[in-house]
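Novice: Sequence:
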Amino acid sequence: MKLEIVTPDETLFEGKVTLIQVPGSKGQFQVLQYHAPIISTLEKGKIRIEASGGAPQYFDIEGGVIEVQRNRTIILAEVA
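With my numbering applied, the sequence shown corresponds to residues 15 to 94, in that order.
Don't read these hints as lab results, they were simulated from the structure. There could be a bad hint or two in this list.
As the list claims (entries may be wrong) - In the PhoX-like style, the derived pairs of lysine-lysine whose C-alpha atoms are separated by at most 25 Å in a straight line are:
(1) Lys60 / Lys40
(2) Lys58 / Lys16
(3) Lys58 / Lys40
(4) Lys30 / Lys16
(5) Lys16 / Lys60
(6) Lys58 / Lys30
(7) Lys60 / Lys30
All values reported here derive from a predicted model rather than from experimental measurement.
Use the sequences and the hints to build the structure in full.
Specialist: Structural data, given as structure tokens:
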């Protein structure tokens, strides 16, 4: 699935991933390929992503919003 992590100043990540874990307002959750459409607010914490065959990558955020739709995920994040 395609992922974009965008801040007000820059694009932190853009590419294909197999797993996304985010700190949702009601607790941590993960998004896998073909996830149902969802929009959620995010709390302060770490975003964890995994690309096929690669080591996990982490991004610290102060909060934000995630939208998942048609195998594409966009995260609008605030960073410190």
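Novice: Tell me, in ascending order, the numbers of any earlier hints that this structure violates.
Specialist: Checked against the structure, no hint fails, so every one of them is satisfied.
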